[in-house]
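Student: What follows is each chain in one-letter form.
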Amino acid sequence: MSRAAHPGKRPLDILAALKSAVLAALVAFGLFSLLIGLRTDQGPTGALVLTERFGELGAFVAVAFVGVFLRELLLRDKRIDIVRFVPPVVTAAARRIIPFVGPALLVFALVVPVMFFHNRYLLDLSIQILTYVMLGWGLNIVVGLAGLLDLGYVAFYAVGAYSYALLAQNFGLGFWICLPLAGILAAFWGVLLGFPVLRLRGDYLAIVTLAFGEIIRLVLTNWQSFTGGPNGISGIARPSFFGLPFTDGEGGFAATFGLEFTPTHRVVFLYYLILALALVTNIVTVRLRRLPIGRAWEALREDEIACRTLGINTTNTKLTAFAIGAMFGGFAGSFFATRQGFISPESFVFGESALVLAIVVLGGMGSQIGVAVAAAVMLGGFEFFREFQQYRMLVFGFAMVGIMIWRPRGLVATRMPSVFLKERKIVAAEFVAEGRG
Amino acid sequence: MNGTVEPILTVEHLTMRFGGLVAVDDLSFSARPGDITALIGPNGAGKTTVFNCITGFYKPTVGMIRLAHPDGKTFLLERLLDFRISQRARGSRTFQNIRLFQGMTVLENLMVARHNPLMLASGFTLFGMLGLRTFTNAERAAIDMAKYWLDKIGITSRADDPAGDLPYGAQRRLEVARAMCTEPVLLCLDEPAAGLNARESAELNELLLFIRAEHATSILLIEHDMSVVMEISDHIVVLDYGVKIADGAPAAIRDDPRVIAAYLGVDDEEIADVEAEVGT
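Those sequence lines, one after another, are chains A and B.
Under my numbering, residues 1 to 437 are what the first sequence spells out, in order.
Under my numbering, residues 438 to 717 are what the second sequence spells out, in order.
Treat the hints as calculated values from the structure; they're not laboratory data.
Because the structure is a prediction, the values reported are computed rather than measured.
Accuracy of the hints is not assured; some may be wrong.
Reference excerpt, derived from the structure (chain A facing chain B, CB under 7 Å, subset only) [unchecked claim]:
hint, residue
1, 39
2, 122
3, 296
4, 299
5, 302
6, 310
7, 311
8, 411
9, 413
10, 417
Subject to a maximum C-alpha distance of 25 Å in a straight line, what follows is the list of computed SDA-like cross-link-like pairs (lysine to any residue) [said to hold, decoys possible]:
hint, chain 1, residue 1, chain 2, residue 2
11, A, 422, B, 496
12, A, 425, B, 588
13, B, 510, B, 557
14, B, 496, A, 313
15, B, 496, A, 199
16, B, 584, A, 19
17, A, 422, B, 510
18, A, 422, B, 580
19, A, 425, B, 510
20, B, 584, A, 419
21, A, 19, A, 30
For every residue, glycine included, the Cβ atom is placed at its ideal position computed from N, Cα and C.
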């Protein structure tokens, strides 16, 4: 297609494109000269030797040069707009099926163990995805609704897991008693974290919550006598079907119900357990949003000062958001402990917090269905890209960048009003505040 | 001037210092119940600082601010936290730069203002989670109140649109309506007519006069727009450089040479004349 034929569009400007390309190549050279161009290897004597890899360096610079040259020449100042590539028919169809996505996903989630009864790998992956769906929904209360950036969410996951493990081991309490206790303890820690960060906003809040997550992990690692330190806690009681253990032989689940024993029964039970826990999280969140407390959280995200002039106690509002978010993290933690049978501080590193936060951001802050889809995409993506081996994270990173260009505010960026007079109209993303902590 | 009526708001010896800067210097005035009291003055005179002291955003360096309810209860505002002023003392405010919850619908904005009564009715969320009648009734009452105010500010048809999508004038009126939904005894408006065109400004006047006529709410407002101030206020307090320079009915203020001097400025030679005239 000849650009000269269109009035108003500049003719091909090779010189300008070349200039940009040379600039990009220089930047690439500066960036990669030490990163790619030189490598230290262990020599035969054990000393480090410098390996020169100028070929690879050249390739990187050439890719940058050619890429920028072509982009300048073909796309000019136009943004790369992925939405453009989706035909309108698809968009219209998508809009029509959106209301059915949630129920369809729920039905699918209910039949997964039936469909994939013999696929143990897939069942384990589904359980893991559901755990992160639950964590995502829990964090969504703090980040998505109340607009408080929490980088230490994994701390509550850890508190829940250790609460269950220690209560079960030291006092012989069962899962169903430990579950609420773990939730309460996690909520208590949520409030404890809440107090010092009440006056902080944005970046400062993020740093303190990040530190909190690390403190919890370090305490768990170093308090040998109580938590077992880096060795963790093993032999945590496995869940039973309301008193019936999933064991072979007399008195077991399979024997009682006259089924043939298979270890999959426990996996299926765990699957339905986490599904139920996640759904409880969802139902509670959806209900809370329609109550004054939920509306106050969202108002807090929109404008904290306005909240105070309306007589809202912002201190309590923030603390309840932290506490309820933490409580669901605690529930998920105790599920994690009973599923694994072994926990150690290794499971509660910052990367987990970042992953849960990424799920919330990718899903669209405040959106329940978006978070669920994002959890499936993220964890499913990890597994799907496994075949790329060492390039897995690279490919995954590119995929994430692509999604964020396509949907900068997450998969579901719109907001559903909590109350309406005549009709429930979706609030467009550009009006909704992201929260500054 | 009826001196026997107890003022709703009494500000005594209010002084606010920021380091070496004295923003408000020994200001005393009072507002009578049911009146629209205006606080005017050139830019930087300290009007918004006075407002921030009254609504608890600043703690005054010196001074006392007393709010007296019609039932005789009194509150010392300088001792209350900002949100308690709205919750207990029932003093509400709006902002110079509109502070609506942009991403929430118009109706939701008004519902947030009913937070405290709804919170109580929902048994601090417990009854609400169980869906008890006490809460659903309270919610319906809150929606009715919101409807009443939407009707008054003429945006009922846009109740389910995001507040950020409203035209500027409607956003201003919505902020006033939201403040009124907290059922305040004293409503403080910080430049409610800023940026409004003549028609929107007239609509706002009408709304404020309606509030004065139909509700037991006294209004304290900061305003630059003299057409608004002179038309609707019963009592005007003029500030300049943090000091009160005049206090009285609109007609008296209009002719006060010191006010004219503060607003229009006077030549150096004339200062002596003006001072001689006003007696300083």
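Student: When the structure is checked against the list of hints, which entries are broken? Sort them ascending.
Tutor: 1, 2, 8, 9, 11, 16, 17, 19
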